[in-house]
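**Student:** Chain A is already provided as a structure; the job is to place chain B on it using the hints.
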Amino acid sequence: MKKTLIATTALIGLTAMPALSETIGISIPAATHGWAGALNFHAERTVERLKEANPDLDFVLTTTSDPGQQVSDLEDMVATRGIDALVVLPFESEPLTGPIQRIADSGVWVTVVDRGLAQKGIEDLYVAGDNDSFGRTAGTYFADTLDEGAKIVVMRGIASTVDNERVAGFEAALDGSGIEVLAMDHGNWNRDTAFNLMQDYLSRFPEIDAVWAADDDMAVGALAAIEQAGREGEMIVVGGAGMKEMVDRIRNNDETVPVNVTYPPAMISTAIEMTAMGLTSGAPFSGDFIIASQLITPENAEDFYFEDSPY
Amino acid sequence: MSTLRNMRQNLPVIAPIVALVVLILIGIALNPNFLSYANITNVLARSAFIGIIAIGMTFVITAGGLDLSVGSMAAFVAGLMILVMNLLTDSMGQGLPVIVIGIGLALAVGILAGFINGILITRAGIEAFILTLGTMGIYRSLVTWLADGGTLSLGYEMREMYRPVYYGGIMGLSWPIIVFAALAILGEITMRHTAFGRHCAAIGSNEKVARYSSVAVTRVKLATYVLLGLLVGIAVVMYVPRLGSASATTGLLWELEAIAAVIIGGTLLKGGFGRVWGTVVGVLILSLIGNLLNLTDVVSPYLNGAIQGVVIILAVVLQRNTGTAR
Numbered sequence: 381m382k383k384t385l386i387a388t389t390a391l392i393g394l395t396a397m398p399a400l401s402e403t404i405g406i407s408i409p410a411a412t413h414g415w416a417g418a419l420n421f422h423a424e425r426t427v428e429r430l431k432e433a434n435p436d437l438d439f440v441l442t443t444t445s446d447p448g449q450q451v452s453d454l455e456d457m458v459a460t461r462g463i464d465a466l467v468v469l470p471f472e473s474e475p476l477t478g479p480i481q482r483i484a485d486s487g488v489w490v491t492v493v494d495r496g497l498a499q500k501g502i503e504d505l506y507v508a509g510d511n512d513s514f515g516r517t518a519g520t521y522f523a524d525t526l527d528e529g530a531k532i533v534v535m536r537g538i539a540s541t542v543d544n545e546r547v548a549g550f551e552a553a554l555d556g557s558g559i560e561v562l563a564m565d566h567g568n569w570n571r572d573t574a575f576n577l578m579q580d581y582l583s584r585f586p587e588i589d590a591v592w593a594a595d596d597d598m599a600v601g602a603l604a605a606i607e608q609a610g611r612e613g614e615m616i617v618v619g620g621a622g623m624k625e626m627v628d629r630i631r632n633n634d635e636t637v638p639v640n641v642t643y644p645p646a647m648i649s650t651a652i653e654m655t656a657m658g659l660t661s662g663a664p665f666s667g668d669f670i671i672a673s674q675l676i677t678p679e680n681a682e683d684f685y686f687e688d689s690p691y
Numbered sequence: 007m008s009t010l011r012n013m014r015q016n017l018p019v020i021a022p023i024v025a026l027v028v029l030i031l032i033g034i035a036l037n038p039n040f041l042s043y044a045n046i047t048n049v050l051a052r053s054a055f056i057g058i059i060a061i062g063m064t065f066v067i068t069a070g071g072l073d074l075s076v077g078s079m080a081a082f083v084a085g086l087m088i089l090v091m092n093l094l095t096d097s098m099g100q101g102l103p104v105i106v107i108g109i110g111l112a113l114a115v116g117i118l119a120g121f122i123n124g125i126l127i128t129r130a131g132i133e134a135f136i137l138t139l140g141t142m143g144i145y146r147s148l149v150t151w152l153a154d155g156g157t158l159s160l161g162y163e164m165r166e167m168y169r170p171v172y173y174g175g176i177m178g179l180s181w182p183i184i185v186f187a188a189l190a191i192l193g194e195i196t197m198r199h200t201a202f203g204r205h206c207a208a209i210g211s212n213e214k215v216a217r218y219s220s221v222a223v224t225r226v227k228l229a230t231y232v233l234l235g236l237l238v239g240i241a242v243v244m245y246v247p248r249l250g251s252a253s254a255t256t257g258l259l260w261e262l263e264a265i266a267a268v269i270i271g272g273t274l275l276k277g278g279f280g281r282v283w284g285t286v287v288g289v290l291i292l293s294l295i296g297n298l299l300n301l302t303d304v305v306s307p308y309l310n311g312a313i314q315g316v317v318i319i320l321a322v323v324l325q326r327n328t329g330t331a332r
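Same order as they appear, the protein sequences are chains A and B. Once you know that position 8 of the first sequence is 388 in this note's numbering, the rest is easy, because the numbers rise by one and skip nothing. Once you know that position 279 of the second sequence is 285 in this note's numbering, the rest is easy, because the numbers rise by one and skip nothing.
Just chain A, with the same shape it has in the complex (with noise of 0.2 angstroms):
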């Protein structure tokens, strides 16, 4: 509350000032994965919109690869560049809460992008995708369409609290649908990893009705996997985040591909968007905004697909 409270003050003295340039940080994680890919992709697209619709908006935009090397990308914005605001996706909560933490007890705005820092109240705005609510509209679908007794496989994440909410959000769901979940295991959101997972499963079961990827790199593994096999037709695939070869399959009716989850990475955009709003209008922007995930059939799937989109 006081934070907040410093922070409006400040923008109250800046909208006095026009004139004084405004400097955003940005600290998100590099391209490892294709959803991170399309989050920078979206960070720097908006950068650059922003820069030109805000002459006086300045930005540092880091990528890093490990918490460690996010704590130092941080210390080096405020020490060398003096941001005003920052808007950081921790690579993991525990080890950056606290830098984030002093950074914010600076006076500079924070906005937290994705996964929550280990304490509450620190961050002057919190932009997330719901985590459980995606694990949970897959296993609501799956839980909806199968017929009791169906057997599932599923295909974990890298192992983190991100994967471990999704995981628990689809349990749940599918928690006295009598479906059987076959096995779990670790794709880390990696096609190679993925294709090799399925290859495993389809030799070691001879029945499976339904794949849930949990992300749509890992669909995509299990796909080419499937199709090796020669069992497309026995079973669907549901993926998540939207990838757009799996929005253009669903809105081509697929088979084997009927729905998706989103998890926008476009989620960067909004956060940073917000923020540079709130340095430069003045009007309120802390608290939290949480963005469903929602289901793409193919009745809704020409809402999602995006052609110029790399992810």
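Worth flagging that the hints you see were computed from the coordinates, not collected in a lab. Please read these numbers as outputs of a predicted model, since none were measured by experiment. Each residue gets a CB set at the ideal place from its N, CA and C atoms; glycine is no exception. Be careful, since some hints might not be right.
What the hints assert, rightly or not - Part of the chain B face toward chain A, derived, beta carbon under 8 angstroms:
{"id": "1", "residue": "N39"}
{"id": "2", "residue": "G156"}
{"id": "3", "residue": "Y308"}
Stated by the list, open to error - Restraint ranges, calculated between C-beta atoms of paired labels, are given here:
{"id": "4", "chain 1": "A", "residue 1": "D527", "chain 2": "B", "residue 2": "V304", "range": "28 to 38 angstroms"}
{"id": "5", "chain 1": "A", "residue 1": "S661", "chain 2": "B", "residue 2": "G140", "range": "39 to 49 angstroms"}
{"id": "6", "chain 1": "A", "residue 1": "S661", "chain 2": "B", "residue 2": "I125", "range": "33 to 43 angstroms"}
{"id": "7", "chain 1": "B", "residue 1": "I32", "chain 2": "A", "residue 2": "R425", "range": "50 to 60 angstroms"}
{"id": "8", "chain 1": "A", "residue 1": "D527", "chain 2": "B", "residue 2": "V19", "range": "53 to 63 angstroms"}
{"id": "9", "chain 1": "B", "residue 1": "A187", "chain 2": "A", "residue 2": "E560", "range": "37 to 47 angstroms"}
As the list claims (entries may be wrong) - Now the stretches of chain A that chain B is said to cover, found in silico as 3 or more residues with beta-carbon under 8 angstroms:
{"id": "10", "stretch": "413-424"}
{"id": "11", "stretch": "553-565"}
{"id": "12", "stretch": "571-581"}
{"id": "13", "stretch": "603-611"}
**Tutor:** Positioned in the frame of chain A, the structure of chain B alone reads:
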């Protein structure tokens, strides 16, 4: 008595095979589908990428070198190949020439990348570990940059046309398995029965003595890196048709898997002795562990890495303890 002594002396030689057989027996016990045709061909085909690279790595390590850049190099070559093939499809239309140029490019870039590593190590005298650590970072960044942080995908029609290179084959064996087997046999012959293979071992065991024995040390070492680059190119030619895509995560940790396979197979990390068939066994051991863990629920998937670690260490310990005579 003499047979026992023979066994003891042979243990370092047969240790990797023993480990492989044990893994296969465990597999049969755990899952009846383990020996199915589909599972065996799957495991062999997925071993091919790292296997082909590991064959080249065997020569580099035998000659006392090391290359940490091969995983990133594979990703970079794959990315470049896809990018160029997509561009060519736009200008030349779909067809065999695009695939042929793509394959030629992958091999050429692989050779060039290996040459750069080799020339800097041999002529500029940079430590192999540091130099290839550097090129590892460079290639990894380059592929991320080429892919704009996302995934580079081969156009749909070209992917369909190129697909048989991974999925097709003759007599029930897919091309990656055939190529892997052929290269393994060629590699074994080269290591055992050619001057080049002998020179590698000589340089690895004592570079100075090799030089005095008029072995062209610099040229042979350079050749091992170029050979490895070429094999990375061949691995990529087999890899791209599988999923038709490359991204920043392609080939991640391949270098370490390849090095692990070489060492499990009985090649000395400090150089001086190498055997290609051992490397092949090492690669199969590594893929089998992953396969077995996927086929069962016995251990928590969180522990997969630990199991792999234990098997790698066991396979090496088995050789070293008794391996004084060499």
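**Student:** With reference to the structure, classify each hint as holding or not holding.
**Tutor:** Hint check:
1. With its C-beta approaching chain A no nearer than about 5 angstroms, N39 (chain B) sits inside the 8 angstroms limit, and its interface hint holds.
2. Checking G156 (chain B) against chain A by beta carbon gives a least distance of about 4 angstroms; that is within 8 angstroms, so the hint holds.
3. A distance limit of 8 angstroms between C-beta atoms decides the matter here; for Y308 (chain B) the minimum to chain A is near 6 angstroms, and the interface restraint holds.
4. Remark: the range hint 28 to 38 angstroms for D527 (chain A) to V304 (chain B) is upheld by a beta-carbon distance near 30 angstroms.
5. Between S661 (chain A) and G140 (chain B) the C-beta distance comes to about 47 angstroms, which sits within the given range of 39 to 49 angstroms.
6. Between S661 (chain A) and I125 (chain B) the C-beta distance comes to about 58 angstroms, which lies outside the given range of 33 to 43 angstroms.
7. Checking the proposed 50 to 60 angstroms range against I32 (chain B) and R425 (chain A) shows it holds: the Cβ atoms sit about 51 angstroms from each other.
8. A hinted range of 53 to 63 angstroms for the beta carbons of D527 (chain A) and V19 (chain B) is consistent with their spacing of about 56 angstroms.
9. Checking the proposed 37 to 47 angstroms range against A187 (chain B) and E560 (chain A) shows it holds: the Cβ atoms sit about 40 angstroms from each other.
10. Counting residues of the stretch 413-424 of chain A whose C-beta sits closer than 8 angstroms to any C-beta of chain B gives 7, which meets the bar of three, so the coverage hint holds.
11. With 3 residues having a Cβ less than 8 angstroms from any Cβ of chain B, the stretch 553-565 of chain A passes the three-residue criterion, so the hint holds.
12. Coverage of a stretch by a chain is defined here by at least three residues with a beta carbon nearer than 8 angstroms to that chain's beta carbons; for the stretch 571-581 of chain A and chain B the count is 8, and the condition holds.
13. Evaluation of the coverage hint for the stretch 603-611 of chain A: fulfilled, as 3 residues show C-beta separations to chain B shorter than 8 angstroms, against a requirement of three.
This entry does not satisfy hint 6, going by the numbered hints stated previously; all others are met.
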